[in-house]
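Peer 1: Each chain is listed here by its residues.
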Amino acid sequence: MRSPIEQYLLDLTRELRARPLLARRVAREVADHLSEAAARAVRTGASREDAERSAVAQMGPPRLIAGKYRRLGPSSAGLLVAASIGTAMISVWLVFVCAVVLPRRDPDHIAMWLVVAALCAAFTATSAACVSFAWRRPAWLVALGVLAITATAFGLLAAIQTLQAMAAGRGFEGYLLLMGVMLTGHGLVAAIYAILTARVRVLRVTMAA
Amino acid sequence: MNREPLPTGQVDLLLLSIVARGPAHGYAIIDTLRVLSAGAFDQPEGTIYPALYRLEEQGLLASREQAVAGRRRRIYRLTARGRRALVERRDAWRALVRDVDVILEAGARHA
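From first to last, the protein sequence lines stand for chains A and B.
If you want the numbering used here, it's the 1-based position in the first sequence plus 6.
If you want the numbering used here, it's the 1-based position in the second sequence plus 89.
Chain A extracted, bound-state conformation:
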C-alpha cells in the first residue's frame, strides 16, 4: 500500500512522461516540498497519514501542475514524434523505390533496402509506442535504445558515404544524404529520450519502494 505522497509522485511523473528530464527535477522538488509539509503537520499533532493527505491536497492535482509545465514549450516526446514521422516517410519512400525504381536500375539491392525500410518502420513504431503506452516498460526502452544506436550508425554511414562519393566525383545523391541526416537525428533524439525516461523509471521505482 503506497502512502499518499508516494502515490502523488507516481501520478505526477506519469503526467509529465512527455518531459522526462523535467519530470525528474519536478518529482524531486515536489517530494521535498511534500515531505517538509507533512513533517510540519506531524509536529503539530496530525497523524502521518492525515499529514500526507493534507500536504498532497494543498499541492493540487498532478494533472493541473503538469498542464502548466506543458504550456512552457515543446517536449522531448514531441520531438521524438516529429522525428518518427520523418523516419516513417523514409520507410514509405524506400518501399516505393524498391517497387518502382530498383527493379530496373539495381535489382540486386532490393532485399537490402527492404530490410532498411522494415527497420525504419520498426523504429517509428517503437518510438510511438514508447511515447504513448510503453514508457514504463524497460523492454521497450531497451528496444528503442538499440534501434536508436542502429539508426544513428546507419544514418551517419549513409551521410558520410554520400559525401565521400560526391568528393570522389561519383555524383551527388541528395536523397541518401537527407535519409542519413534524418535517421541520425531521429536516432539521437530517441537515444536521449530512452536514457531520460529510464532515469525517471528508476526514480519511480525508488519512490514506490
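Just so you know, these hints were derived from the structure itself, not from any lab.
For each residue, glycine too, the CB sits at the ideal point set by N, CA and C.
It is possible that some hints are incorrect.
Using C-beta positions, here's what the derived DEER-type ranges look like [stated by the list, open to error]:
1) A/80 / B/179: 30 to 36 Å
2) A/80 / B/126: 31 to 37 Å
3) A/60 / B/190: 37 to 43 Å
Using the hints, position chain B against chain A.
Peer 2: For chain B alone, kept in the frame of chain A given last:
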C-alpha cells in the same frame, strides 16, 4: 470584507520579490508567500513550481540543487536580469495602483 485571490499575472512579481530577499527553496518561497499575503494566496501550492521554472527559463531566476541540512534541495536566487525586471514590474504595479486610486477617490467624492 471578502478578499479576492491574487491575480495569476501578479504571482510572478511576488515570486521575484520574495526571492529578492535571499536565495530560497520552493517550500520556503511558498511558505513566505502564504504568510506575507495573509491568506490572499489560495492557489494550489504546486502551481508555484511551474511559475518558478518559467521565471528561470526567462533568465530572471537561477537555481541549482545543493545540500541543505542533509537534504538535496533546489535553491532559487535572483539573477541580475531578474533584479532589473523586479524593479520595472514593481514600478509598473505601483503606478497602476496609484492611477486606480486616483479614479476611485474621485468617484468616492461623488458617491
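Peer 1: Compare the structure with each hint and give your call.
Peer 2: Here is what the structure says about each hint:
1. Checking the proposed 30 to 36 Å range against residue 80 of chain A and residue 179 of chain B shows it holds: the Cβ atoms sit about 32 Å from each other.
2. Hint check: residue 80 of chain A to residue 126 of chain B, Cβ distance near 34 Å, so the stated range 31 to 37 Å holds.
3. The hint said 37 to 43 Å for the Cβ distance between residue 60 of chain A and residue 190 of chain B, and at roughly 39 Å that hint holds.
Violated hints: none; the structure is consistent with every hint.
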